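In order, the protein sequences belong to chains A and B.
Under full-length UniProt numbering, the first residue of the first sequence carries the number 1, and numbering increases by one thereafter.
Under full-length UniProt numbering, the first residue of the second sequence carries the number 1, and numbering increases by one thereafter.
No wet-lab data here; the hints were simulated from the structure.
Everything numeric in this text was worked out from a predicted model, so none of it was measured.
Stretches of chain A that chain B covers, calculated by requiring three or more beta carbons in the stretch to come under 8 Å of a beta carbon on chain B:
1) 8-21
2) 350-359
Just some of the chain A residues that point at chain B, by a computed CB distance under 10 Å:
3) Gly5
4) Arg283
5) Glu337
Computed list of chain A residues with no C-beta within reach of chain B, every gap over 12 Å:
6) Ser28
7) Thr46
8) Cys174
9) Leu247
10) Leu251
11) Phe257
12) Ile325
13) Gln371
Note that CB positions come from ideal geometry on N, CA and C, so glycine has one too.
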Amino acid sequence: MWCWGAGTDGQLALANPQDQHLPQPLPSLPPISQLACGGAHVIALTKPPNKPPQILTWGRGATGQLGHAHLLNSPSPTPLPLHSSAITISRVAAGWNHSAFLSHSGAVFTCGDGSFGQLGHGDFQSHSRPLQISSFGDKFAAHIACGMRHSLVLFRGGMRNSALACFSLSELGCCSVYGFGSGKRGQLGVSKDKVRGLFNVPQLTLGLDGLDATAVFANGDHSAVLTVDGHLYTWGRGFNGASDANLPRLLPSRLKFTQVALGWNHALLLTDEGEVYMLGGDRHGMLTDPQKPTLEQSSSIQSSPCQASSSNASESELERVPGLIGRKVVNIAAGAEHSALVTENGEVMTWGWGEHGQLGLGNTEDQRNPQVVEFGNKVDKYHNHYRVFCGSGFTFAVK
Amino acid sequence: MSYDDVEIEDMEWNEELGAFTYPCPCGDLFQITKEELKLGEEIARCPSCSLYITVIYNMDDFNDSNNTNNKGGLQPPISVA
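Only chain B is shown next, with the shape it has when bound in the complex (with noise of 0.2 Å):
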């Protein structure tokens, strides 16, 4: 059973490991390629546990012909202070 729903633009983008990620519970990082987004995955996993999370996002924003600059978690943040 899937741990939590998670948007992507939630999740960060994590140029080390080339995929975005969500923290796991138990202190690594669930984790998605953007080719596994393009291929419609919706399956984040966490590399050192059971668990893994839904990831919520719409296909179409993966792309080839729009997804240079998608970064998810790390979009430019909205300051509304």
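The following block holds chain A by itself, in its conformation from the complex (with noise of 0.2 Å):
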């Protein structure tokens, strides 16, 4: 397991916390299944040999979003007690000051920052510990997302109470997405007009009535949803100035994705042929470089009033990502502004913002085209893949 980028409160896990320019290794933490960055904390899903699954957080702490009942930064990965020890964790989520935790059984717990209602639990309060969401009832949550102010829970059909070993799969039409949060840039979909209060209680999600959907992504004030079939949908802030999507947009593409990261002005998108697509990539990779002319050229269009009425999702600002020809991509992963993926012959590449160290390319520079990281010269690149993970301005390697 490798980290670097940005490193001050405690969110790469090292001793000494401050920004890391290249990959720096972390040894003795169990295998991990699955890593969730926010704004600068992260969870680990872990699966130590012979026992439970366990959950571990580190980083920035101040509003209760590692779980532990206190409010401070800890460097060190600290395991996560959950109320009871019947509950098992599969799959954990981090936004930008806030936390959500899926069990094996169905339901959501949230943690961490509650100001703009993002725990849904009814109120705007904050919780340092684990707090599970009442409103869902029975119902049986299949994926969740946590966004910079919001939260998203995927419900496939099911009952938790008669889940857990005959729950079908593949109930066309059962699907539903809820949210909550901040909704202002249409993030929850739960209403065609713009809406500006927050919701601290969970929304249905308008307009995916029928759709058989595999999983949910938020980051930013971005949401979207992934279908059995390979479409995406997406909604809230539009992506290269565009204007925002108050209602889930099915993005018009022939292409198959499979796997999908959101930062928070970009989209990542992995076809079943392995390449790689970018929604919102005009600024990637650009933000400290104002000497690029097409910066100035970005500028204008979105600062322009008529750019709102060319808002309709088009194939056109689906933009392949350059440099990846003969390389077949297995993994993607979006931080704030910066991009991470692994190829089929295990490289690790990045782009996109680096003034943190977040490309792990020894210097502070952006990068407009995938670069390829280097691990030192013990990596044996040909067995088993890393698979990446990116905080807001970090990032995790992890194999």
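Hey, can you piece these two chains together into the complex? The hints should help.
Below you can see the structure in the form of structure tokens.
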């Protein structure tokens, strides 16, 4: 397991909390099945041999997002005790300053900053220990996601009390998505009109009836859902300066998508052919280089009011990520303003904003095209692929 | 170039920092003080990186006569649930 990028809140789990421009090895953690990286905290779902899965959290804890009943930063991965030993967590999600946990039995727990209603408990309180969202009752939650100030929960049908063994994962038309937290940019998908309020109780996302969805995604003020047949719906903040989408919109494309990663202003899409496409890539890799002429162009487009009229998603806004010819990609991840991928040959590549070393290339420069990250000389490239995970300004590569 | 335009109502008042804040993609916070707002400053900077945002606000809201209760993003939220 390796990490790099912004580290001053302890999010890299290193003894020395500072930025790292090159991959740093992290020894002595149990095998990781999933990492969720937020604004400056990390939640790890581990699978120790012959033991039940365990959750570790570290990084910024100022609003209780680490779940340890305190408000302190912690650079040390610390096991999260759950209310009951009977609860087994199967998925974790991290927002800017909040966290969500999905249990095997389909219950959703949240903790951290609740000031926008993003914990879903019917108030605006923050919680420093995971608390179950009671309003879902016995509905079996299948997937979770956390954005900057909102959260999404996917239901695929089924009830928790009868769900464990015989729950069918292919009940067509039963899917629904619930969102809570800030909905100002349309990221909850609750109304065709712009909403100003905050929603502290889960609200049904409209316009997804009949979809067979596999996963929900959130980051920044973006939301997305991926369907079983590889279609992508997005809602929330518009890409490349387009107007916000208050309701989910199908991305018109003949491509079949298998993985999705959202940033604050871009989305990465992996196809079944191992190709990577990007939405909203106009400024990706250009944040700190004012010399580039297209930056000015991008600026003038964004402030132009007539841009709103071209808000319909079209295939033209989907761009193939350059510089990957001859490489098949197997895994993608997106930070707020940077991106990471893993190729079939085991290479880890990064591009985008690099000011905090989040690209792991040994410098703080931005990159427009994916660049290979070097892990030193002891990497067995062709065995056991890395998986990549990105927080706002940092990156993890895990075997 | 400004990273984003952010309305003051979307910023949070941070008592500890004495500033209105908004998340920066680096993980830290864009910050601007009431004093800066009173002077007409509209750039909120991040202490950890080179990025900054443009704050959209009405200067009149920060005149001495009526600014005592202005807490921006910490105004009582409207629940429409």
